[in-house]
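Chains as they are written, first to last, in the UniProt record's numbering: chain A, 1 to 436; chain B, 1 to 277.
What the hints contain is simulated information worked out from the structure, not anything from laboratory work. Take the hints with a grain of salt, since some may be wrong.
[Stated by the list, open to error] Some chain B residues well away from chain A (every beta-carbon gap over 12 Å; in silico): (1) Gly51; (2) Leu89; (3) Glu93; (4) Ala100.
[As the list claims (entries may be wrong)] Result set (SDA-like, lysine to any residue): computed pairs, CA atoms no more than 20 Å apart in a straight line: (5) A:Lys302 to B:Glu30; (6) B:Lys269 to A:Ala246; (7) B:Lys97 to B:Gly51.
[Said to hold, decoys possible] Between beta-carbon pairs, the in silico distance windows are: (8) A:Ile171 to B:Arg120: 53 to 59 Å; (9) A:Val136 to B:Ile265: 33 to 39 Å; (10) B:Asn143 to A:Asp189: 40 to 46 Å.
Cβ atoms here follow ideal geometry from the backbone N, Cα and C, with glycine treated the same way.
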Amino acid sequence: MSFPWAKHYEPKAPVMKWLDDRLPLPRLVYNAVGAGYPVPRNLNYFWNFGVLAGAALVIQIVTGIVLAMHYSTDANTAFDSVEAIMRDVNAGWFLRYAHANGASMFFIVVYTHICRGLYYGSYKAPREMVWLLGVVIFLLMMATAFMGYVLPWGQMSFWGAQVITGFFSAIPVVGETIRVWLLGGYAPDAAALNRFFSLHYLLPFVIAGVIILHIWALHIPGSSNPAGVEVKGEQDTVPFHPYYTAKDGIGLGVFLLVFALFLFFAPNMLGHPDNYIPANPLSTPAHIVPEWYFLPFYAILKSFTVDFILPAKLWGVLAMFGSILLLFFLPWLDTSPARTANHRPRYRMFLIILLVDVLILGYVGGAEASKTNVLIGQITTAYYFLHFLVILPIVSATERPKPVANSITEAVLKGKGGTAPAKSAIEGSPNPMPAE
Amino acid sequence: MTRIIAPLIGLGFAFVLVLGLFGTITTASEPATAEHEFHLAPKPLELASNGVFGKFDKQQLQRGFQVYKEVCSACHSIHRVAFRDLADLGYNEGQVKAIAQQWTTEQPSTNPETGEPATRKNLPSDKFPKVYANDTAARAANNNAIPPDLSLMTKARPNGAAYVHSLLTGYGESPAEVQKEFPKFTTPDGLYFNRYFPTLNLAMPPPLASDGQVTYADGTKSTVDQMAKDVTAFLVWTAEPKLEARHTAGLASVIFLLIFIGLTIGAYKSVWRNVKH
Ligand code: HEM
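Let the sequences and hints guide you as you build the complete structure.
Structure follows, in structure tokens:
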């Protein structure tokens with residue numbers, strides 16, 4: 001579905017017309033990310049991050065495919081092959097640093113994209129499916145990044161794989177069997193490395209597929225916007241191209257600049273030095289830590305320290321997976337009629353506390369397990385769950401939101417000190433209305 | 001359903017965490033250890049290769065290679081580096097060939113007549129040979145410790161370059177306070193006290209023990225600190241031989257991207273000039 005005023009694709013060159021009659025691919029692109037997709041005119045820069053995530057995926061796939069041409073999936077030679085890429089392959093250092101830092105950039109972008117969704121209520125009706133598919137992409141990304149980090153077969157690769165697959169042994173009765181089955185052995189070794197590479201190559205393409213569904217689902221109601229009111233008429237939207245292609249161009253430039261600063265000037269800052277030591281099953285590193293983007297979840301895992309009915313380890317694993325899976329229920333936990341946090345001051349306050357809370361969790365996840373750090377971890381983990389499962393439902397049911405503008409155009413003109421009264425919505429416009 | 005079960009799950013997790021919290025509060029803190037109290041962070045180290053515009057100082061790399069060759073190579077390999085790579089330090093083809101030829105540890109090979117294991121002289125295309133045949137031999141010769149390969153050392157430790165320099169210059173007697181505070185702390189026979197090493201005792205005897213241990217061809221005075229700096233600079237190169245290319249490409253990319261951003265801002269302004277948003 002699209003808005004009735006969406007522009008229609010009209011092939012000009014005869015060859016495009018010929019193609020359109022037989023395989024309307026240009027039409028598909030035109031309607032998806034071209035002038036045929038009307039977008040609210042008031043999107044801010046936080047709406048750049050979806051396109052940036054797509055760019056990050058493309059970068060990972062392109063660099064990854066070339067790396068795979070030189071990489072050796074064998075426990076005895078994997079580390080050496082990565083070093084050969086760094087030293088002997090033409091621009092190999094560039095490919096490898098681009099791919100390793102690209103994973104970090106991908107997560108920075110996706111975390112910002114998720115925060116945008118939380119702040120502006122993008123997960124609410126009618127966009128629940130967009131949100132659910134987003135959480136699926138996030139889970140797939142985490143699996144992909146974890147398995148990618150194992151591939152260079154350094155100390156953190158090996159011990160990270162050991163620890164993370166160890167989660168499964170927390171499952172009662174069958175846990176250890178499942179772990180051995182997943183690894184293809186009692187510890188990570190040749191069998192595990194081979195299957196991780198196979199899956200690491202596969203999953204990004206699965207992600208690409210889910211992204212298509214994500215965008216398809218998005219195009220049914222169209223993009224949401226910071227004013228918290230749905231599109232009411234043609235004056236509320238502009239065509240995606242050239243308006244948002246231009247705006248996304250700026251975002252892409254800034255993204256690539258930040259990426260380049262890491263890649264060229266601090267390529268190992270986000271990695272762990274121990275991963276430059278070849279994997280050694282006989283020597284355990286002093287601190288085993290995952291990549292930075294997993295640290296908050298790692299902190300949640302480590303915060304469960306007592307056996308209460310279930311063993312502490314199982315609580316930790318349940319909580320860690322639970323902390324992500326609860327995002328699937330968010331659209332139904334938040335019952336507030338208002339969409340954005342701007343219209344919900346009390347909710348906004350809790351949301352900001354949550355952001356600080358997750359940053360502290362990230363710190364605790366990477367820090368040594370001293371008494372104070374464990375205490376802080378336990379408090380912040382408790383807040384994480386209370387926020388989503390207790391505070392959010394209560395606040396959203398009780399807080400009375402501030403009034404929203406009548407239309408996007410009105411909000412825009414008011415914001416700019418404009419005087420012209422907003423045209424009312426085009427009569428009989430069939431666009432979906434949010435539950436307001 | 002969700003709205004009933006969710007708060008129960010949330011409160012359940014919180015309850016278990018509060019139980020854990022009491023447990024954490026009532027456990028005694030870990031006793032302080034000598035490692036924790038006396039371990040030092042590395043001293044800052046200025047190298048020509050540092051920073052955005054950093055380039056290698058080839059003179060210094062050659063001196064560092066000399067220290068590696070005359071001192072460290074007795075125990076440590078750099079087997080990710082090939083002799084031909086030394087051309088980067090400014091040696092010409094003939095010099096590289098001579099260095100490979102004269103290297104004391106030879107390459108493993110097979111005797112072409114008998115098929116027995118043998119060794120042969122190094123070629124420029126060879127990687128630097130390993131010092132010991134295997135880990136057992138390495139341990140046997142080094143008081144049960146393995147001298148690690150140094151090719152990636154400056155990337156394999158936090159703040160690696162500064163760490164290597166501090167470690168090499170950080171040997172000494174353990175100060176009296178250590179004994180006073182931690183009477184149980186000792187430096188066993190065959191280990192050496194060094195406050196920059198995480199456990200304070202390591203199995204490497206001070207490799208750079210006195211000024212003048214190496215005689216530099218370029219006349220630089222070979223103090224212990226100078227030798228430590230030079231060999232560290234060399235090990236930065238062995239770990240990241242493409243550093244200069246990376247910095248150059250980085251500057252070009254940043255300039256390109258700044259222009260790109262400028263153009264996109266212009267395009268954006270022109271596209272949106274008639275639309276309030
Ligand atoms: C969702 C996208 C992807 C993410 C998040 C991702 C993440 C990662 C990470 C974190 C590493 C470890 C980097 C290091 O420390 O060296 C890695 C390595 C690797 N990845 Fe990916 N990757 C993605 C897509 C791909 C694709 C599509 C391919 C191939 C078709 C690929 C091939 C490789 C190879 C060969 C390595 C090992 C070489 C190396 O360590 O640099 N990746 N990946």
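Going through the hints against the structure:
1. Gly51: At about 9 Å from chain A, Gly51 (chain B) fails to clear the 12 Å cut-off, so the statement is violated.
2. Leu89: holds, 15 Å
3. Glu93: holds, 19 Å
4. Ala100: Label holds. Min Cβ-Cβ 18 Å, cutoff 12 Å.
5. A:Lys302 to B:Glu30: Holds, at about 17 Å.
6. B:Lys269 to A:Ala246: holds, 9 Å
7. B:Lys97 to B:Gly51: violated, 33 Å
8. A:Ile171 to B:Arg120: 53 to 59 Å: Check passed, 55 Å falls within 53 to 59 Å.
9. A:Val136 to B:Ile265: 33 to 39 Å: With a Cβ separation near 35 Å, Val136 (chain A) and Ile265 (chain B) satisfy 33 to 39 Å, so the hint holds.
10. B:Asn143 to A:Asp189: 40 to 46 Å: violated, 31 Å
Of the numbered hints stated above, those contradicted by the structure are hints 1, 7 and 10, listed in ascending order.
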